[in-house]
Amino acid sequence: MQTQIKDNDISESLQKQVKNAISAKKPLCIQGGKSKLFFGNRFSAQLLDLSQHTGIVSYEPTELCITVRAGTKLSELEALLAEHNQILPFEPPHYPHPLEDGSNSTADTATIGGAIATGISGPRRAYTGSARDAILGVEIINGDGDIVSFGGQVMKNVAGYDLSRLMVRSQGTLGIILSVSIKLLPKPANDLTLSFSASQDTALLFFQALRVQQLPVTASVWYDDKVSLRLSASELILKTSHKRLNTLLAEKFPLLKPAEKEVNSSLFWQDIRDHTHPFFTQTDKPVWRLSLPPATKSMTQIDDALAQTQDKPEPSQLIEWGGAQRWIRSRSPANIIHSIAQSHGGYASFFYQKREEDQTFPELAPELFKIHQQLKNKMDPHGIFNPNKMYKGL
Amino acid sequence: MHLDSNTKNRLLDQLHQIVSSDYLLTTKEDLTPYECDGLSAYQRLPVAVILPDTIEQVQKIVQACSQLKVPIVARGAGTGLSGGALPHEGGIILGLSRFNKIISIDTDNLTAVVQPGVRNLAITEAARPFGLYYAPDPSSQIACSIGGNVAENAGGVHCLKYGLTVQNIQQIKIVTIDGTVLTLGSETFDTPGYDLLALMTGSEGMLGIIVEIVVKLLPKPHAVKVLMASFDKVEDAGNAVAEIIAQGVIPAGLEMMDKPAIHAAEAFAKANYPLDAAAILLCELDGDTDQLQEQVLVVEETLRNAKASKIVIATSAEDQAKLWAGRKSAFPAVGRLSPDYYCMDGTIPRKQIAYVLQKISELSDQHGLRVANVFHAGDGNLHPLILYDANEDGELKTAERFGADILELCVNVGGTITGEHGVGHEKIDQMCVQFSDAELTQFFAVKSAFDPDSLLNPGKAIPTLHRCAELGAMHVHNGELPHPEIPRF
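Just so you know, the protein sequences line up as chains G and Z, in that order.
Numbered per this note's numbering, the first sequence finishes at 394, counting up by one with no gaps.
Numbered per this note's numbering, the second sequence finishes at 1489, counting up by one with no gaps.
Please keep in mind that the hints were generated in silico from the structure rather than gathered at the bench.
These figures come from a predicted structure and were not determined experimentally.
There could be a bad hint or two in this list.
In silico DSS-like pairs for lysine-lysine, Cα to Cα no more than 30 Å straight-line [what the hints assert, rightly or not]:
#  : chain 1 : residue 1 : chain 2 : residue 2
1  : Z       : Lys1447   : Z       : Lys1069
2  : Z       : Lys1173   : Z       : Lys1220
3  : Z       : Lys1307   : Z       : Lys1161
4  : Z       : Lys1161   : Z       : Lys1220
5  : Z       : Lys1351   : G       : Lys6
6  : G       : Lys226    : Z       : Lys1216
7  : Z       : Lys1101   : G       : Lys297
8  : Z       : Lys1216   : G       : Lys252
9  : Z       : Lys1259   : Z       : Lys1233
10 : Z       : Lys1173   : G       : Lys370
11 : Z       : Lys1216   : G       : Lys187
12 : Z       : Lys1225   : G       : Lys187
13 : G       : Lys34     : G       : Lys392
14 : Z       : Lys1447   : G       : Lys378
15 : G       : Lys25     : Z       : Lys1447
16 : Z       : Lys1351   : Z       : Lys1307
17 : G       : Lys257    : G       : Lys226
18 : G       : Lys16     : G       : Lys26
19 : G       : Lys239    : Z       : Lys1161
20 : Z       : Lys1322   : Z       : Lys1351
Using the sequences and the hints given, assemble the complete structure.
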């Protein structure tokens, strides 16, 4: 069945709302599918709803590029791409959110615009690149209320400053994304999930060994003393890769058991991507994301900090991206988490179970924050785009 | 726009206190080597060339210039092809060639910390003993510097699979116009705040001076194979490119050459190219041995179905090098056909390849100049080489107009005026074709956030609205400049 995505261009109406906001000096809160409301600081502003601005502007599979309006749902976009055996390289999370009707059901409403503005990438990121790596062009409403385009639909393009990449991760503070052009990848024919038991130290050493192997790995997780790997390729290549992986294990990690094939694993990876895995759904402790150099050793300091607050031992870390993304459940104070992350050359962001006053992102060095402010003031001179969402004063 | 002698003396006094006299060049003989970059059609002498080798020196130089409002043009190896490092007649060249150290290689995180003057190829050479390499490989990689690569967001033949410079660096240190050192990006996969690393990449020295770079390294592929397919029709070759992609294969490199380019390259490099073909495709596949074997079969069948008249598969490193030698020597080879050539750099959607080549051939007849086409077909990046003779009256101007027509054609089919060479001095007028006034205004806004007095490489990359308005008006007159003696800015 062909995916039908509603072709609904409301850019004129959106532009009018922006111009009104500029003349009334009333800031806007830009919203798509409401799946990432938790991300960033709270602030009060008039709602600008992008969720009805939907549709495919252009899609030619052989160009490996799609141009799509910001309000288009990820679920619909991915279904369309799947019909043409293609995928978004950065596997964006959907973060389904509870319906407000009191039932236990959730809504999968995440949009491509939100995925780009927050720049959050999923399990495949460590192997096929991030949202910012995949973006080719944007159309935005800028701080003067004009509709402007940067980048394009071709992957090599160095005309003008790279404002399309600047929009990724800017949390809607520099402009309103109307549509994006994204580089696509062919969908591998098959997935295979392999798993084996390993301590955190061993798992990290294994990930390091894996980095210089040429196995078709597209996702990796360590959780609860178990490593899970997703490999994506043809049936034949998956078979030989399984063998090669076990040879690697036998040669370099003789104490580990060979990796076994997991069945029904697509749900597992979806749970990891969407944070519907039990690690993320417990609500008793704050959840932090640590972005670290992948070879960072196991974070014993954090475990120590945890041990002081833990009532019963339970898995408090979930590691992805070959060690580069680590999720921590901890009641430790924010400043401790930040300083541990920084001491390892990375940074921490506060994901779940935040209090009202907690900041999502770590403080920037003063000279760096100054240039952020200068850029924000020039690109959003009336201060109407998501003020304070990313940082207070931005 | 020349410096008055008072300011010049004060500037030189201050610069003398920062570096020893060996590294501050002011005489005409010393300045001449810096009068142009790889685009030698445009030349200018700067007031001075200064060659620091510490970040502190760069900070002091920038502060001195900032205080006296003297323009600064940063320069790496000077191999750029768009006049990006063309000096400013009232400013200095800040040469970064002495920043030539590879500071460290991290074999656990697969990164290297390098200074901006390090040559692109030197990084790969230093990483080779560890089985690693740096992926972007612009054709000038033997000479071009990594700092220049970042400033231009350099590409190469492997971009379709491995990305451009922006996807292959993790962190940079820059000196801003007020002398502050900023670290952009991080040692991890992402950074809090705005993606200023991406903004700085390809900004052509207009937002800050790059003084240190952390590049990503990749494990060297276990095996490589190169296929060459000949086609009787250019159109078939263009379609074959789309078909390979449609089969789900992402080649490491996918290059196309047309008949004039094939003939020139064959005469120069003896690569065994088929002289009767209308076009050839060179397809490089790499990866793990098993995956590679599978891909070669798919590509071979696809090429056959796409009406390739002949397919050669080079498996030995020697045969592969021979096939590549022709492509890599295409520029000098074409250089032998004509006293001068002008290399263009537009990018188009792949499906437009056949149409655009046809149009370029029509434009060639119209302007009366020959053209050879070499391009990165996998990512749609064209390098038409326009053949002309600078000693013939008016031929450079005709070549420029022909080039401008090609770039407008690229924009009209949904592409861009520059894929990897940058706008620089050369393509500044074509920016008016690609961007609206509101878009150019947005670029100025970004520029002024970093460099309010416009001292960093002024006059490059982003045209003023005034210039575009004049150009638009001039278009009516067939591109002939009325009153060429009036300065335009």
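Earlier hints that do not hold, by number: Violated hints: none at all, because every hint is consistent with the structure.
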